[in-house]
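Given only the sequences and the hints, what does the whole structure look like? Please build it.
2 protein chains.
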Amino acid sequence: MSEQYRIALDAMGGDHGLSVVVPAALEALKKFDDIALILVGDEAQIQATLAEHKAATSGRLAIRHASQVVAMDEMPAHAMKNKKDSSMRVAINLVKAGEAEAAVSAGNTGALMATARFVLKTLPGIDRPAICTVIPSMHGHTHMLDLGANVDSEAEHLYQFALMGSELAKAIDNNPNPKVGLLNIGQEAIKGNEQVKAANALLRESPLNYIGYVEGDDIYHGDVDVVVCDGFVGNVALKTSEGLAKMVSAQLKANYSANLFTKLAALISLPVLKSFRRKFDPRRYNGASLLGLQGIVVKSHGGADSFAYANAIGIARTEIIEKVPQRINKQLESLLAERQKA
Amino acid sequence: MSEQYRIALDAMGGDHGLSVVVPAALEALKKFDDIALILVGDEAQIQATLAEHKAATSGRLAIRHASQVVAMDEMPAHAMKNKKDSSMRVAINLVKAGEAEAAVSAGNTGALMATARFVLKTLPGIDRPAICTVIPSMHGHTHMLDLGANVDSEAEHLYQFALMGSELAKAIDNNPNPKVGLLNIGQEAIKGNEQVKAANALLRESPLNYIGYVEGDDIYHGDVDVVVCDGFVGNVALKTSEGLAKMVSAQLKANYSANLFTKLAALISLPVLKSFRRKFDPRRYNGASLLGLQGIVVKSHGGADSFAYANAIGIARTEIIEKVPQRINKQLESLLAERQKA
Numbered sequence: 001m002s003e004q005y006r007i008a009l010d011a012m013g014g015d016h017g018l019s020v021v022v023p024a025a026l027e028a029l030k031k032f033d034d035i036a037l038i039l040v041g042d043e044a045q046i047q048a049t050l051a052e053h054k055a056a057t058s059g060r061l062a063i064r065h066a067s068q069v070v071a072m073d074e075m076p077a078h079a080m081k082n083k084k085d086s087s088m089r090v091a092i093n094l095v096k097a098g099e100a101e102a103a104v105s106a107g108n109t110g111a112l113m114a115t116a117r118f119v120l121k122t123l124p125g126i127d128r129p130a131i132c133t134v135i136p137s138m139h140g141h142t143h144m145l146d147l148g149a150n151v152d153s154e155a156e157h158l159y160q161f162a163l164m165g166s167e168l169a170k171a172i173d174n175n176p177n178p179k180v181g182l183l184n185i186g187q188e189a190i191k192g193n194e195q196v197k198a199a200n201a202l203l204r205e206s207p208l209n210y211i212g213y214v215e216g217d218d219i220y221h222g223d224v225d226v227v228v229c230d231g232f233v234g235n236v237a238l239k240t241s242e243g244l245a246k247m248v249s250a251q252l253k254a255n256y257s258a259n260l261f262t263k264l265a266a267l268i269s270l271p272v273l274k275s276f277r278r279k280f281d282p283r284r285y286n287g288a289s290l291l292g293l294q295g296i297v298v299k300s301h302g303g304a305d306s307f308a309y310a311n312a313i314g315i316a317r318t319e320i321i322e323k324v325p326q327r328i329n330k331q332l333e334s335l336l337a338e339r340q341k342a
Numbered sequence: 001m002s003e004q005y006r007i008a009l010d011a012m013g014g015d016h017g018l019s020v021v022v023p024a025a026l027e028a029l030k031k032f033d034d035i036a037l038i039l040v041g042d043e044a045q046i047q048a049t050l051a052e053h054k055a056a057t058s059g060r061l062a063i064r065h066a067s068q069v070v071a072m073d074e075m076p077a078h079a080m081k082n083k084k085d086s087s088m089r090v091a092i093n094l095v096k097a098g099e100a101e102a103a104v105s106a107g108n109t110g111a112l113m114a115t116a117r118f119v120l121k122t123l124p125g126i127d128r129p130a131i132c133t134v135i136p137s138m139h140g141h142t143h144m145l146d147l148g149a150n151v152d153s154e155a156e157h158l159y160q161f162a163l164m165g166s167e168l169a170k171a172i173d174n175n176p177n178p179k180v181g182l183l184n185i186g187q188e189a190i191k192g193n194e195q196v197k198a199a200n201a202l203l204r205e206s207p208l209n210y211i212g213y214v215e216g217d218d219i220y221h222g223d224v225d226v227v228v229c230d231g232f233v234g235n236v237a238l239k240t241s242e243g244l245a246k247m248v249s250a251q252l253k254a255n256y257s258a259n260l261f262t263k264l265a266a267l268i269s270l271p272v273l274k275s276f277r278r279k280f281d282p283r284r285y286n287g288a289s290l291l292g293l294q295g296i297v298v299k300s301h302g303g304a305d306s307f308a309y310a311n312a313i314g315i316a317r318t319e320i321i322e323k324v325p326q327r328i329n330k331q332l333e334s335l336l337a338e339r340q341k342a
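Residue numbers (my numbering), protein chains in the order written: chain A, 1 to 342; chain B, 1 to 342.
No wet-lab data here; the hints were simulated from the structure.
Check the hints yourself; a few may be wrong.
Because identical chains share one entry, a pair is satisfied inside a single copy or across any pair of copies.
BS3-like cross-link-like pairs, simulated, lysine-lysine; straight-line CA separation at most 25 Å [claimed, not checked]:
(1) LYS263 - LYS274
(2) LYS179 - LYS246
(3) LYS96 - LYS121
(4) LYS274 - LYS253
(5) LYS246 - LYS274
(6) LYS246 - LYS279
(7) LYS96 - LYS330
(8) LYS323 - LYS179
(9) LYS84 - LYS253
(10) LYS253 - LYS263
Just so we're clear, the structure is a prediction, and the values are computed from it rather than from any experiment.
See below:
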């Protein structure tokens, strides 16, 4: 029992709450035999949902009662002040107390970041935690950060994001030397803003495998492992991609449903379309890491289904196994020592 | 002859220069019988390329010699100083002199913007010209600006972009009251940066049909006609979309080419895939407007083929017919008058 990786789940968070988190937990327990999960939330409701799924608590599945829920549209400051017994807060408290090694939540991102930062604190040397996610690319995938935790990031922040993203990529992809790129705009146009130029100078001097500026399309080319940007820019890039993907998928569907002939074509194309969809299934990429904290917190998409949510649990598990916060901390320390020498 | 809309083409600009611009010009002359074109560049080379296409100058197709070419990777300041007889500069000079009513170039964006601004000047009240393009959306298309002419845009600049984009949408789409949105990041995250918040306040007070904040995915939902953002953000959103679209198209192709069965499926799906591709063909959307200048300048994509370049010529024609700079100017004047009253 003691060798299990313990993960606390904010069971009430997200658009679907228990109806997704409970089946996701059961799925993850089957998939990973080295994890134990703590469902945090209204005990009676959790018990009822477990019963619906013909499941019960066990040595690997515990319940921790929490009386409140943070609303998806609640202001972070309001949640911090008034929801001290929320499922989100209690899940993160469990990480702080050492009862869990990671927390997963599909709740309100702003509140999650504020709570995690307040309870767990940032690593020494980190000014701002960042949100990092994995995006499928032509030849694999790309880690991208920040995705909205920070706006108006300064050069030093972008530098810290690069360092954190690089460590995460090393840990998750087992890639000893991930290529890090800084998101900028085209060579033809007026090049970059002041923060990006200053971050470029810092990164050129860093021990990271920094490959220089990349552009928006490079996120999908797959020749870079980590793409670093301000949270405003990263959030827009991610949401824009989501919008385009939805449009393409809807249009493809509409075109294939146009008439009997196209419906037949769709039928024959089914295996092709399915394999295509599988490769880009956003659920397979669900789970964004909150990096720079003294603890592991993974954000599941608010609208995630149980398959997607189980993927986020898997990411938390990997971060525990790979000791991501400790690795980032170690890297920060060696960097700081190097700077003091210089 | 005097009723023709006269458009100057930077015949040497872009990745492919004459080999694209000349056939595009011939195509456009066929398509639009109310335009006359001036090919600006090396006269001997233009003559030779016309001969290759079994074409010659005419009352509707003139040549204006220019001895220099701005390189695609040339710094704008260098081009401004050393390339005063470039095809790009001479084409814009023709607009200034009234010999043409618009210029089209597939050349270096930074140099084009700097040259256009220097030669034509901005409209009174406009601090920074912006680049605006049309993006296909679920139910039509969206105009988006700025796409990279400006980084670190302040609230007043974003406000001006909104006004210019709104006038362009009115002119191009024949839409009397285009819906304008300001690009921001998710409700869940920390909302917006200072510039965006301040621009939001300005736009709420404006006579525009301002619908408030939109997110990246709204660009493709099609419920907004004009999306306004800083040039860094807009450039990243556009390039990210291009990268994703390329990846999706490459993967779809790869999946359909996997084996004999999938190749058969592709054959049967051909009409569906073709109609899909036609709808999203980026060539049909080629031609970005440089707005805020005392004259019409349209930027064609550097890698555009002749079909795409002819589309950019069509956009220049529409802007001439609709008198876009004059409309923006009028809107600015009435706005200024309103502000003085207030």
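Earlier hints that do not hold, by number:
The structure breaks only hint 9.
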